[in-house]
Every structure is written in structure tokens, then in C-alpha cells.
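Visitor: Assemble the whole structure, with the sequences as input and the hints as a guide.
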Amino acid sequence: MRPEITPEKPAPGCRKTDPLLVADGVSRVFGGLKAVDVEHLEIPRGVITALIGPNGAGKTTLFNLLTGFDNPDTGAWSFDGRDLAGVPAHKVSRLGEIRTFQLTKVLGMMTVLENMKLGARRQKGEKFWAALLPFLWKDQEREVEARALELLERFKLLEKKADYAASMSGGQRKLLEMARALMCDPQLIMLDEPMAGVNPALKQSLLDHILALKDDGVSVLFVEHDMHMVQAIADWVVVMAEGRIVAEGPPGTVMSDPAVVDAYLGSDKDRDLGDVIQTIRSSREFAPDESGVEVQRDDAVVAEQLAVTEMVEELAEHPEEKP
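My numbering applies: residue 5 is where the sequence shown begins, and numbers increase by one.
Don't read these hints as lab results, they were simulated from the structure.
Because the structure is a prediction, the values reported are computed rather than measured.
Zero decoy hints are in this set.
Lysine to any residue pairs mimicking SDA-like chemistry, simulated, CA-CA at most 20 Å apart:
| no. | residue 1 | residue 2 |
| --- | --- | --- |
| 1 | Lys121 | Ser97 |
| 2 | Lys160 | Glu118 |
| 3 | Lys218 | Asp239 |
| 4 | Lys109 | Val202 |
| 5 | Lys109 | Glu197 |
| 6 | Lys207 | Asp239 |
| 7 | Lys109 | Leu161 |
| 8 | Lys160 | Ser173 |
| 9 | Lys218 | Arg49 |
| 10 | Lys13 | Val26 |
| 11 | Lys95 | Ala80 |
| 12 | Lys207 | Leu107 |
| 13 | Lys165 | Glu181 |
| 14 | Lys207 | Leu155 |
| 15 | Lys109 | Ser171 |
| 16 | Lys128 | Trp141 |
| 17 | Lys128 | Met187 |
| 18 | Lys218 | Leu99 |
| 19 | Lys109 | Leu155 |
| 20 | Lys109 | Thr65 |
| 21 | Lys218 | Gln191 |
| 22 | Lys95 | Lys109 |
| 23 | Lys165 | Arg151 |
| 24 | Lys165 | Val148 |
| 25 | Lys160 | Leu210 |
| 26 | Lys131 | His94 |
| 27 | Lys95 | Met187 |
| 28 | Lys218 | Met187 |
| 29 | Lys207 | Lys218 |
| 30 | Lys218 | Met199 |
| 31 | Lys131 | Cys188 |
| 32 | Lys121 | Leu99 |
| 33 | Lys207 | Glu157 |
Guide: So, in C-alpha cells, the structure goes:
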């Protein structure tokens, strides 16, 4: 247990020493299916928290609720002591709670630099009448561009600043979206599967940038399925299954929790994990035994097919002799 994160034994919904995000009784139902049913959740400040769980556990739905992209059926939550229930997404981001998406939301027909500059908050030129008076926002515009170029250099994207975002690879778009999020000077950045669809060559770069966020004093909450990545960078792990929080704690403790094993393995929970993996591999490597298979053919059908083939070839050589 890490006493700087929680003063009590790790358990679903346990209290944190310094929570940044707190949710109570948050639920969301789709067509009779309760996608999210979170009794209590606290996200600690200043650390990297991983949100894990099988597909359909409700992780992205919970992200949408906590960031104002969707409205819950019940519940309340606060960010840095401020009630966020009913607050729309654009206002949530202004408070310093920023999220990225599993499918990146870059603007493809704008340049990389233009995408970055859009991320800055409280730009004077965004107001209609002020936009008509450049002297009101030109100085701020230069500051925003300088900040954008600094972040592009940090994320190794400076050479692509004039390129359209649509021309970037999936991994580069992930980097751009993370860099653009930092233009908002966030307190909490929420990353929805940051490694999904990323070239292996860029994964280490993304990992380094996530760790650097913590060094900069930014709290991180990320959704991920790669358990090696979770164990490598997460300080705290929250596990969801069927919309509920089923386990919490440091990575090493959580990975051995029976509730986590049950969530990921289901009916295989009583079997050794190594046996389950071996069974899966064996099924993928299965090849049918064809040694006893006999191929039968109808000689009359084969002869007719050969005759038709010869007729077509003859017509191709002598088109003037068409019947």
C-alpha cells in the first residue's frame, strides 16, 4: 500500500489522501442495460491512475460522464472541489480537466500548428467583436504560437507543423492530441486507450510523455488493456467490470486480486492463468489433419470443362471462325 495515495486499505471506492476527482452514485443506463454503476470513486492528485477492465466494462462511458460528454441518470461528481454535475464538456475543459479519445479528434484539414493553437484557453480573439480588432489579441496570439511550437518540439512533431493533420499516422495523431491537451494547462488529463492503433516504434515515446506529464505536476487517468504498460507506469489501478468498480490498489496488488481475475477470465477463473493462455494459443495454432481425406471427382464433368476451355482458346486464336 502507498500511504501517500490512500490512508486506508486498498478496496473499491477507498478514500484517497488528496483526491482531485470524486464521484458518488454515478449511473448510466442504455436500453435497460446499466453501463455504469459507480457507488464511489476518488482519483488521486499528482499520480498516474490506470482504469482497466474487459471490453464493455463501462470505462469509456465513465470517461464521457465525468468530462461532460454525456449526462448520467443519477449521481454527482466534483473536480478539485467544484461540482461538475450538469456542466458541459467545454466548461469542464476550462477548469483543467482534459480528455483525449480512443479515436483521435484532430482536425484533418487544418495544419498541425493550427490544431495546437486551437487548444489554448481564454483566447481574446475568439469573441466576435474582439476578432475584428487585431491589436486586442495579437500579443496573445504570439504567446500561444510560441507555446505551441515549444510543445511540438517536445513531442518531436515540429517538422510537421505546416502539414495537414490528415496526413499524419495514427501514432502521430495520438501525440498531437496529447500535445494539444497540454495547451490547456490541465490539472488532470484523461487518456482513453492512448496506445490503441499505435505503431510499436512510437509506443515508447508515448510512454515517456505520459511519465513526463506526472513530472510536470499533471495528474493522469488512462484507460488501457496492455497490462505490461499498466504495471510499468501506473501508481494506482482501478478495475471496472459490468459498470462497477470491483478492485483498486497498486498494480502488483490488483493483478493478483480474485475480483480482477474473475473480471478478465470469467468461467476460467478457477484455472491457472498459464493454462488458459496455452489453451488460447493452441486453438489459434490448430491445423486440421488432412492425411485421411480423399478427393473425389466426376470425370464426365472434368471432361466437359476441358472441352469448353479448348473451344474458348480456339475462338480467341481465330475470331473470324465464330459459330
